[in-house]
Amino acid sequence: MSEGIAFTLNGERVDGAGVDPNTTLLHFLRGSGRTGTKEACAEGECGACAVACVVADGDARSRYQVVNSCLVLLPEVAGAEVWTVEGLRGLANGELHPVQRAMVEHGGSQCGYCTPGFVMTLFARHYARPRPDARSAIAGNLCRCTGYRAILAAAESVSEVAAGDPHAARLERPAPPVTAVRFEAGGASYARPATLAEALAARAAHPDAALLAGGTDLVVERNQDGRHRERWLSLGAIPELSGIDEQGAEFVIGACTTWEAIEAQLGSRVPLFAQLIPLFASPLIRARATIGGNLCTASPVGDAAPVLLALDATLDVASVRGRRRVPVSEWFTGHRRSALAADELLAAVRIPNSPPGAGRFFKVSKRELDDISSVSGAFAVWFDGGVVARARFAYGGVAATPVRATAAEALLVGRRMDAASLRDCRAAAAGAFAPIGDVRASAGYRAAMVAELLAKLWHEVAP
Amino acid sequence: MNAGQPVPDGVEITVGYRGIGGRPDRLETRTVDPKEGDAPPWDANTKHTFVGSDHDRVDGLAKATGRAKYSYDMTFPGMLHGMVVRSTIARGKLTALDLDEAKQMPGIAAVIALKEVGKRVRFVGDAIAAIAGVDHHRVRDAAERIKAAYEAQEHVVDALQSAEAPVVSGGVIEDPWPEHADLDKALAAAKTAHDATYRTEVQTHSSLETHGGVAKWTGNDLEMWCSTQATFGVRGELAEALKERGVKAASVTVHAEFVGGGFGSKFGAGIEGLACCLLAWEAKAPVKLMLDRFEEHTTTGNRPSALIQIRAGVDADGKLTAWDWRSFGGCGFNGRERGSGGNAAMPDYYTRDAKVRRDHKDLAADTDPARPMRAPGHPQGWFGAELFLDELAAKAGLDPLEFRLRNDAETIRQDQWRLGAEKFGWAALRARKNEAGARFVRGTGLASARWGQNGNPGRPPHGITCRIHQDGTVESRTGAQDIGTGLKTVLTLLTAEELGVDPRHVKATAGHTSDPSGPAAGGSTTTPSLAPAVRHAAFLAKAQLAELVGKHLGVDPAEIVCGGGTIGSAAKPMPWAEACKLIGPNPIEARGQRFANYEQRDADKKVIPATRPFSSTQCGCQFAEVEVDTWTGLVRVVRMLGVQDCGLVIAKKLAESQVLGAMIQGLSYALHEQRIMDATSGRMLNGDFLRYKIAGPRDLPELEVVMHSIANGHDNVSASGLGEPPSVAAPAAVANAVFHAIGVPIRHLPITPDKVLAALEAKKKG
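One line per chain: the protein sequences are V and S, in this order. In this text, residue positions in the first sequence follow the working numbering: the first is 1, and each later residue adds one. In this text, residue positions in the second sequence follow the working numbering: the first is 1, and each later residue adds one.
If you're looking for bench data, these hints aren't it; they were derived computationally from the structure. Backbone N, C-alpha and C fix where the C-beta goes; we use that ideal spot for every residue, glycine too. Do not take every clue at face value.
Result set (DSS-like, lysine-lysine): computed pairs, CA atoms no more than 27 Å apart in a straight line [claimed, not checked]:
(1) K69/S <-> K507/S
(2) K456/V <-> K763/S
(3) K764/S <-> K456/V
Incomplete in silico selection of chain V near chain S, CB under 7 Å [what the hints assert, rightly or not]:
(4) G36
(5) A40
(6) C46
(7) Y113
Listed next, the stretches of chain V that the computed footprint assigns to chain S, with coverage defined by at least 3 CB atoms under 8 Å from CB atoms of chain S [stated by the list, open to error]:
(8) 26-35
(9) 369-379
Based on the sequences and whatever the hints tell you, model everything.
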């Protein structure tokens, strides 16, 4: 068990001993004079604070993962290797890194405040195998001077990694392990146990502790309310909670598995995930956000919930009292409330390993990508011959919780997906919910979308 | 050009541009009379080496490496963190304020009142008090111990709900148009007439670096690193506000070497800047006070909303004969005052031959007041006007482009319309029909832009320092700020051009009030106002070097020429570095000045035609193609083209970047941006980037820009402003494309999916 929170920053050891665990990595960097990393929104929306961490890529190699440092508490990087814009090097000492050079030559800066964030995103992309397309890679960075075309041109101009690249050499070795940490400073304690048993004991002892997985929701809340949390329990070092197993007819996904990992491992096996994930926040957020976190915040507009409802997922919940399983349809008990008891942890999410006959995820938001849904819908249909054997229509954004349109589902069973069944299902679904209007959409628009998304489903999948 | 030669009286120059869009050359001659000692004018025949080239932004490297220090980045030993405590009510009076408990909190160094008890509270977020302490947590904790009491009054945060607002029903103004004999007659006689109402919502500037800064006192001397677009304005403002503490303008230095965006919101130090200085004074330590994102959205100004009604008519030839306009600007609490920024501007080049009436009124609401935002009044006004024109053209059976060509009085834009239409494939795109019942439908639209900024001398005139050092390096310095528009690159390229040396020998510095004064970065004034002074400074410094070289070579200094990295006589050119060795330990230093523009007026105050600039406005036009999902109502901009005049293009890559950025920002305004207020609490509901959406990389359409360089002949450089001009047209072009795609106009920005579906529904019902 480590007592301090030392980590490696730009290749040099940095000691964060005595720093209040409520401090974000961003504030630590800037407070110590490393101001290349910028602060602009403190909510993971703009990417100005992007930094790169060395994380595992299999057992023997590693890769750079770019994250929003405003959403990472400093102790989360204990033992980690972090790179910021100040640490990038070209082939020779004093030379610019290729992505920095590309940004200069393509005029990727105007006011320049967002530039270091874009540079770090492009840095991580530079070494990624395979390299993601540039536009998707930078989707989590905002530029208010809106110089996106030049930035994109810079990204696309960068050639392959050169032989002898100092940053590439690092990736040939394993990533630093995520180890247990426990310490107190500034009137707050932070614990990152390495076993589930320890975590359950800590949870039972201090049900009030803030539960930290990816932090992409909780740390935004912390940044906005500014409240000093006295106790943090991080689930980031527990092997049982992250990773994906195929057991019998199921995939068992550890609750702390990130969406980035789910995309990499299940993108080709679970078509609904393949549709969901590109629409699920930005790559910087997906690098941290976890499947369990998305369920535990129990947001009525969380995008994962409808998909898991459509797949009839089952949740493994653990406590010192033992384990239990909860169907996801019984998980959401109210607005931002779940069935998780005060001493429990969500351990895993189980979904069937064979996809439904047809599955669709539709997200309706004001901005096409990287926006919170106004309405989202996940649909799964199983066929028996030409008729429907089972149907799941699940929605986000139309009620206080993610919810299924069960009456409409029932109406479809035993029938073909034709104009008549669509008419009946639309009518049943439209009457099932009374959505509210808010900053994202009017009540009327949401109600209309409930039915429209079914039309879209029929249009796309009706045999 | 000979180095340092005085310019003879009456210089003939060629102004205008070579033909574009298959149209003839627009070249004319002028005879101008530059001020004695000024650099001779450049014109359409001048061949430049560095000006107009693809040179990189000179501070791009500092930005890409994180070395560029913004005000937010300044850090000093013992520095404290400051925060403003704000009102929670939208309207009323502060009845009590108790700071004592907060002062006793651990780690707190200063607590000050910013509002006197008994004063009005004007919006949620009005500054009440400020605190400085050792870290954010202590400061936040202490803020909770400040006890403020209010006498709350009923508030109105929606300008259209205010008492002075017109009655709007079903999106249309109900109040009848006031009578106007001439207009009424012209409208009655029109072949086709139209009447419609348009709305836009409040947009926030959303600069990535928030407002605020770092203040540091040494005795009565104050240094402030301020995120501002007006270093000299901030100095004056602080000196005035702090004069009771013995502070004088001469003892205040403002720094803004790098500024993370402003877009019109950062002309002053603001209450946060003043609070920062007061806290630092009180605490006897440097204080950093930067706003958070919510404060940035809710207390630092915005582009006001607009309600615009237009009625107009055309004759049988499709010429506008009558144009009646009334607009209302949704301002903040100061909306009752004159000039409070709600203005919705109107294009006037379509209606030169029409009977025109224009009326505007600002509407107050209990919110943060409007501030200038990139082309104040224009994007909202042009949205209304240009969408109206497309609706009227449709009624009259005219193609929107043809309609513009028949009515646009500007020759420059007549050429630009044709060039743009050809490049964009206008005719084919407009002829394309969407399949009946198709889910995705496409449409194409266009809109014009106009701005008028050829720079001004300042009062007293702006200056620039140029120094040439013994080692051959050159400095060009201004105290004005570069907010990302590229002022430092402009200084570099103009100086390099004038001296004939490679730009890498020139170091440009901006943003410290210890250097010569310059304008605020607003209204697209900075480059056109300073460029002639930059040249003048380099021209004067060059003359001093020519003296030394002449003496050294035994040649009359009048025969010394420079260029291509040399300076000397035609027979004996010296390499620049060699020549500079003649300079002593003190560098050559020259102070350039911004003279008045060449334009002269006769005794009757009429402009003398021979001295008139080629154009006193900047013209532009933009084209947009959109795809609308008729099932979800989502609009995607597929492609845009901008044609933009900005006088002489100095730094091509940067100029293009300005135009492209303005187009995407316009797309953002057209589709996403909208401040949403809670009527009950008076608070902004989407005061973050999670709910207030600005365009992101995935919104990026295919973009093309044509920089239309014009030799304008208004000063020795003839650069025009470029910050605002390209931001005028984009929202209107997108709205017109949506109109074309779905066959019904969306008269209310932003064009959100619900509005599209409602419009399609209404169309279906007829």
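Structure-based check of each hint:
With a CA separation close to 17 Å, the supplied pair K69/S and K507/S stays within the 27 Å bound. For the proposed pair K456/V and K763/S, the alpha carbon gap of about 21 Å is at most 27 Å, so the pair holds. Taken as a hint, the K764/S and K456/V pair is honoured in the structure, with Cα atoms around 19 Å apart against an allowance of 27 Å. Restraint check, G36/V versus chain S: the minimum CB separation of about 2 Å is within 7 Å; hint holds.
Annotation: interface hint on A40/V holds; nearest CB of chain S at approximately 4 Å, less than 7 Å. Hint on C46/V holds. Least Cβ distance to chain S is approximately 6 Å, under the 7 Å limit. The interface hint given for Y113/V holds, since its Cβ lies 3 Å from the closest Cβ of chain S, which is under the 7 Å cut-off. Counting residues of the region 26-35 of chain V whose CB falls under 8 Å from any CB of chain S gives 5; the rule of at least 3 is met.
Against chain S, the region 369-379 of chain V contributes 5 residues with a C-beta closer than 8 Å to a partner C-beta. That satisfies the three-residue criterion, and the hint holds.
The earlier numbered hints are all upheld by this structure, with none contradicted.
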